[in-house]
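A.B. asks: Chains as they are written, first to last, in the numbering used here: chain A, 1 to 183; chain B, 184 to 366.
No lab work stands behind these hints: they were computed from the structure. For every residue, glycine included, the Cβ atom is placed at its ideal position computed from N, Cα and C. A few of these clues could be false.
Stated by the list, open to error - What follows is a list of derived Cβ distance ranges for each label pair:
(1) B:SER196 x A:SER4: 54 to 64 Å
(2) B:HIS198 x A:ASP8: 51 to 61 Å
(3) B:HIS198 x A:GLU144: 44 to 54 Å
(4) A:LEU11 x B:ARG209: 35 to 45 Å
(5) B:ARG227 x A:ALA183: 41 to 51 Å
(6) A:GLY130 x B:ARG279: 55 to 65 Å
(7) B:PRO299 x A:ALA30: 20 to 30 Å
(8) A:LEU11 x B:HIS198: 43 to 53 Å
(9) B:GLY293 x A:GLN77: 44 to 54 Å
(10) B:SER187 x A:GLY45: 12 to 22 Å
(11) A:GLU71 x B:GLN202: 56 to 66 Å
(12) A:LEU3 x B:ALA188: 29 to 39 Å
(13) A:GLY124 x B:SER296: 49 to 59 Å
Stated by the list, open to error - Reference listing, derived: stretches of chain B covered by chain A, where coverage requires no fewer than 3 residues with Cβ under 8 Å from a Cβ of chain A:
(14) 215-222
(15) 298-304
(16) 309-317
(17) 352-363
Unchecked claim - Negatives, chain A to chain B, calculated, CB over 10 Å:
(18) HIS10
(19) ARG44
(20) GLY45
(21) SER73
(22) THR147
(23) VAL155
(24) GLY176
Protein chains: 2
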Amino acid sequence: MELSAPLDAHLVSPHIPLQEDIDEYRRLSAEQAAGVAVVTTVWRGRDYAATVSAYLSVSYDPPTMLVSLYEGSRIAQAVAGSGLWALTLLTAEQKRDANWLASPGTPVEGLLSQIPFRRGPGTGCAILEGGLAYFEVSTTAVHEAATHLLVVGAVTAMGSQTTWQPGSSPLVHYAGDYRRLQA
Amino acid sequence: MELSAPLDAHLVSPHIPLQEDIDEYRRLSAEQAAGVAVVTTVWRGRDYAATVSAYLSVSYDPPTMLVSLYEGSRIAQAVAGSGLWALTLLTAEQKRDANWLASPGTPVEGLLSQIPFRRGPGTGCAILEGGLAYFEVSTTAVHEAATHLLVVGAVTAMGSQTTWQPGSSPLVHYAGDYRRLQA
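Using the sequences provided together with the hints, build the complete structure.
C.D. replies: Below is the structure:
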């Protein structure tokens, strides 16, 4: 049912995007709701962890996941360097952990000293205690996309940790804030 | 704070995944909450549209998005063939449209005859009326990943349509159902 009145639109500058294009995209793309996870890896003997909302389940057969990471970040370097990583999907009760692991100034030493975790049997990566589910992944491809790396991998192990309870919710990021689902 | 008790884990068969691996992955990956969108394109003079929850904002500079589509689907063929596509992010009030465009048996003719839309100025693709925001995208790369295509593109135009109202929510897919955020 096509309507005739024109759409309001912001056209992106066709050659190099202007600051106003980037600002408008930042504002509008915040309208994407996304479940929050923590990506972890072990690289050169050290644990790395960061809060992410840009990850996907790509395929069921074989089980395949993707995480998008800012190429200039420590976590991108560590995940790409290691080739093995894990995702823990967070509940709404884990907002504090999400905030901590999203802050730009997290320390290299002692990053997980306040966060209970166990090591996954498939990768040795940290799996945060109390998440909804976790996945251990072995990288099969890394694609560059603008400022980011798209890291694709095969799931080698997985599990759930929390038994569902009435009123429980995944942690959801929307419009710059952490939210929960309506019960 | 590493805990010593071992994790419960389902290990995926290392060569070819077994049906039980795929079933367990399907069950656990449903724990990923995701905002719901509709991807549209025009290919060979015809409109295509499908409900998706596997899409990402990849980068702000330049504004870059990704959608993951089952390679054997009509929408994947059309999006890959056209090179131009659009995403409309849905509100919780658009559950009916999401259900319709997610059904496997949608007709090729008259797919959008009951859904109000306008054409985006950047691509000519259908933008569903009443969404939270929309993005028009020009494909820059297509990567194969297991059964899916990862279609990456540059945002050429964007806009918002709905003024925010108290109690409004994005449409969120979680655990096999459509949900909304707590107000």
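A.B. asks: Indicate, hint by hint, whether the structure satisfies it.
C.D. replies: Hint check results:
Against the hinted window of 54 to 64 Å, the Cβ-Cβ separation of B:SER196 and A:SER4 comes to about 56 Å, which satisfies the hint. For the pair B:HIS198 and A:ASP8, the beta carbons lie near 53 Å from each other, so the given range of 51 to 61 Å is met. The hint said 44 to 54 Å for the Cβ distance between B:HIS198 and A:GLU144, and at roughly 30 Å that hint is violated. Checked against the given bound of 35 to 45 Å, the beta carbons of A:LEU11 and B:ARG209, roughly 41 Å apart, stay inside it.
Restraint check, B:ARG227 to A:ALA183: a C-beta distance of roughly 46 Å satisfies the suggested window 41 to 51 Å. Distance hint check for A:GLY130 and B:ARG279: the Cβ-Cβ separation is about 36 Å, which falls outside the suggested range of 55 to 65 Å. Taken as a hint, the range 20 to 30 Å holds for the pair B:PRO299 and A:ALA30, whose Cβ atoms sit roughly 25 Å apart. Roughly 50 Å separates the CB atoms of A:LEU11 and B:HIS198, a value that falls within the hinted 43 to 53 Å.
Taken as a hint, the range 44 to 54 Å holds for the pair B:GLY293 and A:GLN77, whose Cβ atoms sit roughly 50 Å apart. At about 19 Å, the beta-carbon gap between B:SER187 and A:GLY45 stays in the expected band of 12 to 22 Å. Checked against the given bound of 56 to 66 Å, the beta carbons of A:GLU71 and B:GLN202, roughly 37 Å apart, lie outside it. Here the CB-CB span from A:LEU3 to B:ALA188 is close to 59 Å, at odds with the stated 29 to 39 Å.
The hinted window of 49 to 59 Å between A:GLY124 and B:SER296 holds, with their beta carbons roughly 54 Å apart. Here the stretch 215-222 of chain B counts 5 residues with a CB under 8 Å from a CB of chain A, which clears the bar of 3, and the coverage holds. Requiring three or more residues with a Cβ within less than 8 Å of a Cβ of chain A, the coverage given for the stretch 298-304 of chain B holds, as 7 such residues are present. With a threshold of 8 Å between beta carbons, the proposed coverage of the stretch 309-317 of chain B by chain A holds, since 6 of its residues qualify and at least three are required.
With a threshold of 8 Å between beta carbons, the proposed coverage of the stretch 352-363 of chain B by chain A holds, since 6 of its residues qualify and at least three are required. Here A:HIS10 does not stay apart from chain B, with its beta-carbon only about 5 Å from theirs, under the 10 Å limit. At roughly 18 Å, the least C-beta separation between A:ARG44 and chain B is larger than 10 Å, which holds for a residue marked as non-interface. The Cβ of A:GLY45 lies farther than 10 Å from every Cβ of chain B, with a closest approach of about 14 Å, so its non-interface assignment holds.
Listed as outside the interface, A:SER73 is consistent with that label: its C-beta sits roughly 13 Å from the nearest C-beta of chain B, beyond the 10 Å cut-off. Look at A:THR147: its CB is around 5 Å from the nearest CB on chain B, not clear of 10 Å, so calling it non-interface is violated. Under the 10 Å C-beta cut-off, the non-interface status given to A:VAL155 relative to chain B is violated; the minimum distance is some 6 Å. Every beta carbon of chain B lies more than 10 Å from that of A:GLY176, the smallest distance being close to 13 Å; the non-interface claim holds.
The structure shown violates the earlier hints numbered 3, 6, 11, 12, 18, 22, 23.
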